[in-house]
Amino acid sequence: MSKNALLRSVYALSPLLALLAAPLVTAGTAEAADPIRIGVVTPLSGTYAPIGQQVRWGLELATKEVNAAGGILGRQVELLFEDEEANPAVATQKAEKLFQVNKVDFLTGTVNSGSTLAVGQLAERNGRLIATTVSFSDAITTDKCSPNVFRVNARAGQQSAALAEWLAKDKPKAKVYYLGPDYEMGRSTVAAFKAAAEKTGAQSAGEVFAPLGSKDYSQYFGQLRAARPSVLYTSTAGNDTVRLLTQMGEYGLLRNLTIVGASGTVTAQNIGAIGKAADGFVTGVGYSAELATPENQAFVAAFRKEYNTAPDLYGADSYGLIGFFKAAVEKAGGTDTDALRKAMEGLSWSTPQGSKTMRAGDHQAIQDMYAVRIAADGSSTRFDVVGTVPGEAAIGPDQCTRF
Amino acid sequence: MPEATLRTVSDPGRAGPASRSSRLAPVHWLALIFLAAALGFAAVAWATGNGFYLRLATEALIFAGLAMSVDLLLGYTGLLSLGQALYFGLGAYVSALVLRDVAPSFWLAMAAALLAGGVAGLIGGVIANRVKGVYFALITFGLAQVAAKTVYNTRALGASDGLIGIPQIQVGFGPFSLDTADPLSFFLLVLGLTVVAYAGLSYLMDAPFGRTLAAIRANEKRVPFLGFNAWRYKLAVYVLAACVAALAGALYPMLRGFVSPELMFFETSGNAVITVIVGGVGTLVGPVVGSLLLTALRSVVGSWTEHHLIVVGVIFMLSVIFLRKGLVGALLARLSRRGEQGRATP
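First to last, the sequence lines map onto chains A and B. Using full-length UniProt numbering, the first residue of the first sequence is number 1, and each one after it goes up by one. Using full-length UniProt numbering, the first residue of the second sequence is number 1, and each one after it goes up by one.
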């Protein structure tokens, strides 16, 4: 009874106590109790779940390190995850919830390029900023650029520019044959690389497009042999690459031919199935776990310790995003949208991949690009870095006119 | 299916022709209760300044329109369409293109979507109605896949990225106008349109047209003996369903400001069928209730676990096993049983 009365009086007095205590705490520490919230809308189920998993791991590892070191401006960082299902209609709904109900300060994680574009527009309408760490469609930072969208990963154009640079140096004036999957993305990837390669002196020996999900590629091998190329470029993905490369191996076409391709052609997911046929494949990417810098080796070791697997491109780019966000918030002195946008534009920050700079004109990060060659002897595989292309050489002109 | 035949004669949920003039059927009472609940929800959400939930409910009503169009085919005519998202997506793309490139006019966008839905429905209907049963389901599925892949690979339509930059617009009603950017106004507009669609379609389903559809569902072979051309009715209801789906789709870009090929994918069609079955087949109000329920569930469970699809799947299976006529069907059965008891004891 007396205990109840005591409690009741404390409750009754608590607003008064708070008022009395208010002058004692400064505004800064009052804010410190309030964490900085970052919404993450990323595929946690379905086909793209492995990518979403890397995004999640990269973000969580970086957040853990930042929080252990005292957070950002003394505030802890909190991540709120929502499943994007790789569907823009779901992504916008989840992003709206994070913006309006959870009041997140920043949002990231979208994988599907359509999701990034749609969520970017939503961010504009809600007066918040987003960043993608995965989507590589050029449109996001060219003709469909948005003042509220930043991209910290390399876009498709940077990847093909890096590969073309390496090709021009390693195999000058190469005769290149192009083999792509017959759908819009496959064709535009081939067209982009072809343009980049011809600019650096490569010649075209011909091109062919096979239907998506082809079982048998041998019907194209006659044309391929007749064209006598020294290099084959392909933009197939997933199981299509498995069938293409193993069938080429069976027909003996891999001898005296350098195979290059898009960054999604051979990945950690399908390399096991390709096996020895993947040996020698070269691609242009923004990251490899084999990068021999101390920052990267420390990152890979920490990542392996935490999750028992190596980080890939998506994990590394997502890890780097938290560093970008931290640097920008500290520069802006808070999370106000306009101040944060200004702080992010032109910002340079360090990542396991080396230093990155956010170009102010189109919100595309500039970074060194790498030509990576796969070494596969049948039992183990490595992604060896065989060439580095400086960021400025791979970035291309600023094509964003909206801001 | 003797049960289905019986149901056409004395449908427990629906008023017979004799009582139609005197009393409102129980299913319409349910619809009214639902409408009152929706208005109550809007008032609470508005008072607490909760735009997100209003917009989520608006999206649920838009997808309810798609589910209603599935119900017209599945519940009233016995045709399972696995590709209704084709017309929903078509309406969405047409509306998006009109709003972005022609004029930011609500009525123009709706009219264009209706026209496109009607024409596409006529073409799709002529193709799909050549066959019956499972083949009909497969053809509708195939048509939607062809359309979705075409959009997915067409650069002019944004390909896999979809179209963004659809403006928020003013909807004019003579001297009045409302803003689609305002969550409450747009919710009330979509709610109003849903009520109009429900009222209009229920009237049509109680009219001779709907009775003929019920006869086709019960026993298509007997319909010609009554002097009706079953094919013509099936085509008509297919076009009607396509128009309803296209109109619902036309509202989507007004709410979200973008369209993407995923709107035409099987996932969207499949969800509409699940919505109808969980809500109540052949009730029209069931799809609306089902859509609101499933949308709310996905949003809540989705934040809580990434295994939300399992939860929805289990609910679907439970409702198929235990609520054969869906939520609304089960409610109606209970209501009519109570009504009969009331009448038996004066």
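It cannot be assumed that every hint is accurate.
As the list claims (entries may be wrong) - Just some of the chain A residues that point at chain B, by a computed CB distance under 10 Å:
| hint | residue |
| --- | --- |
| 1 | 100 |
| 2 | 137 |
| 3 | 185 |
Claimed, not checked - Away from chain B, derived, C-beta distances all over 12 Å, residues of chain A:
| hint | residue |
| --- | --- |
| 4 | 169 |
| 5 | 304 |
| 6 | 337 |
Stated by the list, open to error - Chain A residues, not near chain B, derived (Cβ > 10 Å throughout):
| hint | residue |
| --- | --- |
| 7 | 256 |
| 8 | 375 |
| 9 | 381 |
If you're looking for bench data, these hints aren't it; they were derived computationally from the structure. Positions of the beta carbon are idealized from the N, C-alpha and C atoms, including for glycine.
Cross-check of the supplied hints:
1. 100: It holds, given that the least Cβ distance between residue 100 of chain A and chain B is near 4 Å, below 10 Å.
2. 137: 6 Å, holds
3. 185: OK, holds: residue 185 of chain A within 10 Å of chain B, min 6 Å.
4. 169: 33 Å, holds
5. 304: It holds; residue 304 of chain A is separated from chain B by about 24 Å at its closest Cβ, greater than 12 Å.
6. 337: 18 Å, holds
7. 256: Residue 256 of chain A is indeed farther than 10 Å from all Cβ atoms of chain B, at 35 Å.
8. 375: It holds; residue 375 of chain A is separated from chain B by about 33 Å at its closest Cβ, greater than 10 Å.
9. 381: About 29 Å separates residue 381 of chain A from the closest Cβ of chain B, which puts it past 10 Å; holds.
Hint compliance for this structure: no hint is broken.
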